[in-house]
Amino acid sequence: MASAAAAAAARGRGRLCCSSFFVLADLAFCYCLIAACLCVCGCDGAAAATFGFDIHHRSSDPVRAMLGGAGEDELPERGSPGYYAAMAHRDRLVHGRRLAAADDRAPITFDAGNATYRLNAFGFLHYANVSIGTPSLSFLVALDTGSDLFWIPCDCISCVRGLRLPDGQEIDFNIYSPDASSSSTVVPCSGSCRKQFKCSATYNQCPYQVVYVSNGTSSTGILVEDVLHMTTDSNQSKVVTAQITFGCGRIQTGSFLEGGAPNGLFGLGMNNVSVPSLLAKDGLAANSFSMCFGHDGIGRISFGGKGSSNQGETPFIVNQSHPSYNITVTQVIVGEEIRDLEFSAIFDSGTSFTYLNDPAYTLISKTFDSSVQEKRHLSDSTIPFEYCYNISKNRSLSHVPVLNLTMKGGDNFHVTEPVELIPVLGGYVYCLAVVKSGNVNIIGQNFMTGYRVVFDRERMVLGWKPSNCYEVNDASMLPVDPKNTTPIAPVAFNPEATSSSGNGNNSAVPPPVFSYSWHLHPSTCVLITLVFPFLAIF
Numbered sequence: 001m002a003s004a005a006a007a008a009a010a011r012g013r014g015r016l017c018c019s020s021f022f023v024l025a026d027l028a029f030c031y032c033l034i035a036a037c038l039c040v041c042g043c044d045g046a047a048a049a050t051f052g053f054d055i056h057h058r059s060s061d062p063v064r065a066m067l068g069g070a071g072e073d074e075l076p077e078r079g080s081p082g083y084y085a086a087m088a089h090r091d092r093l094v095h096g097r098r099l100a101a102a103d104d105r106a107p108i109t110f111d112a113g114n115a116t117y118r119l120n121a122f123g124f125l126h127y128a129n130v131s132i133g134t135p136s137l138s139f140l141v142a143l144d145t146g147s148d149l150f151w152i153p154c155d156c157i158s159c160v161r162g163l164r165l166p167d168g169q170e171i172d173f174n175i176y177s178p179d180a181s182s183s184s185t186v187v188p189c190s191g192s193c194r195k196q197f198k199c200s201a202t203y204n205q206c207p208y209q210v211v212y213v214s215n216g217t218s219s220t221g222i223l224v225e226d227v228l229h230m231t232t233d234s235n236q237s238k239v240v241t242a243q244i245t246f247g248c249g250r251i252q253t254g255s256f257l258e259g260g261a262p263n264g265l266f267g268l269g270m271n272n273v274s275v276p277s278l279l280a281k282d283g284l285a286a287n288s289f290s291m292c293f294g295h296d297g298i299g300r301i302s303f304g305g306k307g308s309s310n311q312g313e314t315p316f317i318v319n320q321s322h323p324s325y326n327i328t329v330t331q332v333i334v335g336e337e338i339r340d341l342e343f344s345a346i347f348d349s350g351t352s353f354t355y356l357n358d359p360a361y362t363l364i365s366k367t368f369d370s371s372v373q374e375k376r377h378l379s380d381s382t383i384p385f386e387y388c389y390n391i392s393k394n395r396s397l398s399h400v401p402v403l404n405l406t407m408k409g410g411d412n413f414h415v416t417e418p419v420e421l422i423p424v425l426g427g428y429v430y431c432l433a434v435v436k437s438g439n440v441n442i443i444g445q446n447f448m449t450g451y452r453v454v455f456d457r458e459r460m461v462l463g464w465k466p467s468n469c470y471e472v473n474d475a476s477m478l479p480v481d482p483k484n485t486t487p488i489a490p491v492a493f494n495p496e497a498t499s500s501s502g503n504g505n506n507s508a509v510p511p512p513v514f515s516y517s518w519h520l521h522p523s524t525c526v527l528i529t530l531v532f533p534f535l536a537i538f
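Just so we're aligned, residue 1 is where the sequence shown starts under UniProt numbering, counting upward by one.
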């Protein structure tokens, strides 16, 4: 179904054509009607008037190409117990003490036993290469739906200027400077800035400081205006420039100096200083964005897209003091069991797994456990998931109990991959990929696999629709043939790690068939690995 914007455009074309009716007679009029009908019937509302840029996981080919390929065998193999332990550990660090009360700054030794890493600066899962200024400079920024301000390293006093690989190669990051961009303007100390930041008219600059959940992590600097370069989401993509306000980050502290977000942070929160809000304020796009991830580690963030009329939707819970992407779950379906249970949760694409506290965690886990046929796997401290089950090599996972979350409003969110398949000594286990948390519920990216998720801030709703990120409408967004892609091996950069013949996959048994007969759509497999924390930073 075409959007209102597409229909209006079609009517506009009709009026233009009809005005030339008396000149071009019946032929022109008929042509115009046909063109209008084609636009109304064929235009995709989800892709109309949207633009954005590609997003990458740490292990995607573009990031690997930029950072080189050294040390590829030094981290836990993707899918190994150590891999999941590291990802869960990283989640807890990013969310401070909300997910667990343990001291997460303690070292972790991966299952191969060959290296110990201090994971106090794991950073973010998704990155985008954005261009700023005139002439343009590129920055590999971390994407964060949990914060608002977009900032990049600028006229640095304390920031990361580059990375040093184990082979000695050095990679320099771009450092922004307002004086070097002809389109840059320093935001003065006046109006809303003076009211919000209590700036001093003496320096006539608008200062900012953002303090993050991770202990001792912050960014401080001044606000500037400059152009952000993006491309349209269409078959004939073109460059679009938008004048935005962002942070000239002069002083970074904490995990930002250890690899957390070494080249900038792109806030996607609901506050009016976030880029989606600024684009909407200037009339460049609807106040909405969507995110979708390909199984090869490449995806797309699109600004202005509001999804489609047949997508699932649920309203956000509005918290004026600290607005975030909170939703309400009203019912849980596990296997054939339907349980009424209401709880709120944050949709956060920057969290690896899904974290639930009680009563939601216990209800879902125990209902899942009672529906499983396999024998429970003995407790394993190297696996962050509590409910795991042994599975034979010839056994498929098509029988795994379904997991559906009924959202407020009645639409179902079908979890396409509720379990993770993990190799252990002598075989495999599959685990319900939910971790018990302290005092917050987070729907992580593992539950979003197989969906294009829409954050509609105009209507204040979350939307979702099954997608493999390679549908016809996405063809111009992702110039990668999914049939010709191969899974990405984890990438590591760790000067202190020693070589080893293994990375925790102690099983010589072929993995069981990982298929779900109840999938709504071919799912994506997002590969989340570790890059920045294991680089030398200078």
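Certain hints may be false.
[Stated by the list, open to error] Per label pair, the in silico range of CB-to-CB distance: (1) Q196 to G438: 27 to 35 Å; (2) H229 to T202: 39 to 47 Å; (3) D411 to E337: 17 to 25 Å; (4) N394 to S371: 38 to 46 Å; (5) E337 to N129: 44 to 52 Å; (6) R395 to V211: 47 to 55 Å.
[Stated by the list, open to error] Here are the simulated BS3-like pairs of lysine-lysine, each with C-alpha atoms no more than 30 Å apart in a straight line: (7) K366 to K393; (8) K393 to K436; (9) K436 to K366; (10) K436 to K375; (11) K366 to K408; (12) K393 to K375.
Hints listed in this document are in silico derivations from the structure and should not be mistaken for laboratory results. Beta carbons: idealized from backbone N, C-alpha and C, even for Gly.
Violated hints - listed by number, lowest first: Hint check: 2 and 4 fail, others pass.
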